[in-house]
Each structure stands twice: as structure tokens, then as C-alpha cells.
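**Q** What follows is the residue order along each chain.
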Amino acid sequence: MTEGDRVTQGAAVGRARPRAVTEAEARPNARAVTEAEPRPSARAVAEAVTDPELPMLTLADLGVLREVTEDGDTVTVAITPTYSGCPALDTMRDDLVHDLQQAGYGPVEVHTVLTPVWSSDWISAEGRRKLTAAGIAPPGNAPTHRDGGTVPLTLSLPSRHVHCPHCGSADTGLVSYFGATACRSLYSCCTCSEPFEHVKEI
Amino acid sequence: MTSHSVSEGNVYDDNVYDAITEASDDARWAFGTGFSDPLAGIDTTVPDGVDGADLAAYSLMLADDALIMSHRLQQWCTNAPELEDEVALANIGLDLLGQARLLLARAGAADGSGRDEDTLAFHRDEHEFRNVRLAELENGDFGELIARLLVFSVWRLALLARLTGSRDTVLAAVAAKGVKEVTYHRDYAAQWLIRLGDGTDFSQKRAQAGLTEIWPYVAELFVAGPVEERLAAAGAGVAPDGLREEFDQVMGQVLAAGGLAWPEVPERAGVSGQTGRDGVHTEAMGYLLAEMQSIARAHPGATW
Numbered sequence: 004m005t006e007g008d009r010v011t012q013g014a015a016v017g018r019a020r021p022r023a024v025t026e027a028e029a030r031p032n033a034r035a036v037t038e039a040e041p042r043p044s045a046r047a048v049a050e051a052v053t054d055p056e057l058p059m060l061t062l063a064d065l066g067v068l069r070e071v072t073e074d075g076d077t078v079t080v081a082i083t084p085t086y087s088g089c090p091a092l093d094t095m096r097d098d099l100v101h102d103l104q105q106a107g108y109g110p111v112e113v114h115t116v117l118t119p120v121w122s123s124d125w126i127s128a129e130g131r132r133k134l135t136a137a138g139i140a141p142p143g144n145a146p147t148h149r150d151g152g153t154v155p156l157t158l159s160l161p162s163r164h165v166h167c168p169h170c171g172s173a174d175t176g177l178v179s180y181f182g183a184t185a186c187r188s189l190y191s192c193c194t195c196s197e198p199f200e201h202v203k204e205i
Numbered sequence: 187m188t189s190h191s192v193s194e195g196n197v198y199d200d201n202v203y204d205a206i207t208e209a210s211d212d213a214r215w216a217f218g219t220g221f222s223d224p225l226a227g228i229d230t231t232v233p234d235g236v237d238g239a240d241l242a243a244y245s246l247m248l249a250d251d252a253l254i255m256s257h258r259l260q261q262w263c264t265n266a267p268e269l270e271d272e273v274a275l276a277n278i279g280l281d282l283l284g285q286a287r288l289l290l291a292r293a294g295a296a297d298g299s300g301r302d303e304d305t306l307a308f309h310r311d312e313h314e315f316r317n318v319r320l321a322e323l324e325n326g327d328f329g330e331l332i333a334r335l336l337v338f339s340v341w342r343l344a345l346l347a348r349l350t351g352s353r354d355t356v357l358a359a360v361a362a363k364g365v366k367e368v369t370y371h372r373d374y375a376a377q378w379l380i381r382l383g384d385g386t387d388f389s390q391k392r393a394q395a396g397l398t399e400i401w402p403y404v405a406e407l408f409v410a411g412p413v414e415e416r417l418a419a420a421g422a423g424v425a426p427d428g429l430r431e432e433f434d435q436v437m438g439q440v441l442a443a444g445g446l447a448w449p450e451v452p453e454r455a456g457v458s459g460q461t462g463r464d465g466v467h468t469e470a471m472g473y474l475l476a477e478m479q480s481i482a483r484a485h486p487g488a489t490w
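In the order they appear, the protein sequences are chains A and B.
Note that this note's numbering has the first sequence beginning at 4, numbered continuously upward.
Note that this note's numbering has the second sequence beginning at 187, numbered continuously upward.
Because the hints were derived from the structure by calculation, they are not lab data.
It should be emphasised that the depicted structure is a prediction, and the values quoted were computed from it without experimental measurement.
The beta-carbon is built from N, C-alpha and C at its ideal position, and this holds for glycine as well.
Treat the hints with care, as some may be off.
[Said to hold, decoys possible] Computed, partial: chain A to chain B, Cβ under 10 Å: (1) P90; (2) E112; (3) L117; (4) A128; (5) N144; (6) L158; (7) L160; (8) G182; (9) A185.
Extracted from the complex, chain A is given alone in its bound form (with noise of 0.2 Å):
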């Protein structure tokens, strides 16, 4: 049960917890509301939506918010993918108008930003610490390309270190590039022996 744990503390004590918004109806939500304020502001409330595919990671968290504009009722907000074939971005979508409506805001728009492109890099320090927490390892910092230019063929494997994330050596070896989703990339460990994923560099 040490994953589960792991886990929901990883939640617990950032802004991650799911369907904060929801469960505010039931039991107002400490943080959030008071009696001067009836609701979140929009970008609190956007800022809480969580990734479908790795949940413990909020929007913000994940770099993928851009913009939060509230104009009375109405909240515009606009997000980039990070994949661009991520299914996950539908679905960020759909969360973003939900949590919003349930907030008690109005018309929701989300908006897709193309450029500049995401980047693993964009994942923030408490992001970082979520996904080691939940047994995922940060990414390391992402190649840079040269606009228009060649980019270099990479024929052996890249000599980055990544630390495992239940026993944190660096002793640890790559199983697959290619994982789950899109974004991860299956690892594991030569001193503890357990697989772990990991956030790829992009």
C-alpha cells in the first residue's frame, strides 16, 4: 500500500485534490471559500483541474495553462497541449467547463495556444516533487533544437541519469522508450529492482 500512500499525500498537500470543486458543494472547501468571497477566482479553480493521465499533477503543475480571464460570468481560459496527438487534451477541456460551471461561473471557453510549444520543462518544482512521490521520475531538462536546422541523429543511449524514485539510485536502466502514454517512458532499477515510469524530455 506504500504507492497508494504515497500518492494521496502526494495530493493532499498541494492544490491536486480532484474535483475540489465538486466536493465543495457537499462540504464547502476550506481554502477556497469564505463569506466575502462566494467562489474561487477562475484561475484557482483551473489551476486545481487535474491531468486525466496523471492525476496527481495539477493543470498548473503540468505547465499547460496559459491564461485564465474571468469578464463577469464568463471565463476564457487557454491551455496547450503537450502531445499533439495527447487524447488527454479533449478531456482537460471537458474538466476545465465543468469545474468552472460547478464554481458557479457561466459560459466556459477554452482555448487551444500552439506556440510556443510545450516543453517538459514546464513542469513545476511541486510538480516534480508529486510525481517522485507517486513513483514517477521528473524529467531531466529537454533537448534544445536549432529552428530550421538538422537536428542530430541519436544512435546510442542518451548518458542522463535518472534516479529511481522509490530508492532514489541512479543506478537504473531504460526498458522502454516508448510507455502508457505518450509523455512516459518505462524504466527500472538496478539496485532495488523495481520498473518505474518516467517523464520524457521533450
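Given the structure of chain A, go ahead and fit chain B onto it with the hints provided.
**A** For chain B alone, coordinates are given in the frame of chain A:
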């Protein structure tokens, strides 16, 4: 379900099954299939000096390459030699499908027709598809797959890297994201081709045979048609004839590392000089479209 306490359980208690009980959230009935316009909220104004019809035709070419290649990769699901490669091919297919969706939407917005991605993917006929023939070829063995994926990725990466400078901000953005993705597609295919070439006699033979099989369709990748030339001149597109040098250099590097020979096979001519970019395809294309489009055509206008 309702007895679950989110704050006391772990985060996975808040799952899609809880969510679908809320009638207002139809999209949750199937995770990730609430398709909406991938360019929602994005400025799709055609830049000055660029012809909208040309921009749409060009976007369709790049979209169809990705869509059809993605379909061939999807057909490898449950057929790959190892689970890791199964996952890899599905991931690469998903990236290409994502690129295709954005590019199809860009095409529909650029020509003013307002056709959405589904209309373009599922309701065009064979002669309206603009993909290169390399993408549509019938799947062969793993050697053929790796040879084709490498050739496709080396070429597409060279193209997308140059397209990041497009005056069309949508194409530039799709290219910038695509560069990151096709970089690891190319690495995957290159590493496998070297492993096969440098492996056993049998794997070496299969890799070489795969290259020989697809090589007749390589020359077509570098033919610049009138649409590509006009868009390149307007600073919005890339003329593919300028990509050959980089392609030869990267392919040469991989073939040398894998001890494989540069294939010496003649080019497969088109029909009266017309090939994939002109909507003239191989026999395999009709069967591919029949499969890919059958559901959408059996239920026209259906949403899911």
C-alpha cells in the same frame, strides 16, 4: 460510487466511472473521444501573399502523409514482435494522428470550406488524398516496417524542421511540435535498422530486403509540385527537392552503422507522371481507405 470519499481515498477513486454519472458530461462516456476542433480559439487567418487554396492543398499533403502512415502503424497493433515495440508503434501512430488532425483542421479553415477533420479524413475519395505512396504501401515484415518508418521519419523531420519558419503561424506551430516528436520516431527506427543490419545474417537480409522493397518510392518524396513551389516562394511552405541532401546524409549514416548497402533499385513511376501528391495511388490505397472510412460512412453524421 457516491460513498467514495475523494479526500480519504487515493486520487484514482475519482475516476471516469464516477464522472459519467453526471449527465451533462457526455464526453466522458468514452475517455478521450470527445473530439472537438483541435484548432479551437486559434487564429487561422491566411497570411498576406499566400493563396488560401494552395495553403489548404499543402496542409492536406502533410496531413495525409501523417494520417495514412498512422493507419499503417495502427495495423501493427497485436502484430509487433515484442510488447515494447507494440507500444512504440502505437505511440508513433498516435503522434502522427495528432499531427494529421491539426493539419486537416488547418486545411479546412484555409480554403474557407469549413470542412472539419472527420469530413476530410472519412469522406474524401481516393483521388482526393494527397499522401506520398510510401505511406500507403501494404505492410510487410518488421524489416520492411523499420525501413519505411526510417525513410518516412528522416524525410518528414527534415521537412518539419524547415517548416518551423513558415509565415503561416499554424503550420509553424504544428511543425515545431512535430519536430520534437519525429526526432524520437527517427531515432527509434534508426536504432532498430542498425540492430537488424548488425544482428544475425537473417535479420540483416530482412532489413536489406525491406529497404529494397520501399526504395522505389523514395524519389517521389523529393519532387516539388506547383503547389509546393508556390507556397515555398510565399514563405509558407517547404519545397521538398531541397531536402534530398539531408536525407542522403542521415540515411548514409544509418546504413553505414548497420553495415547495410544503399539500395540500387529503379524508381516506381507514376501514371502519366502522376503520383500520390496528384491523387494517383497504388492498389493498396483503396483497401486502406475502405477499412479506415467504413464506420464513418456507414453512419454518416454520427457523433460519438
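**Q** Failing hints, ascending?
**A** Of the numbered hints given earlier, those the structure breaks are 4, 5, listed in rising order.
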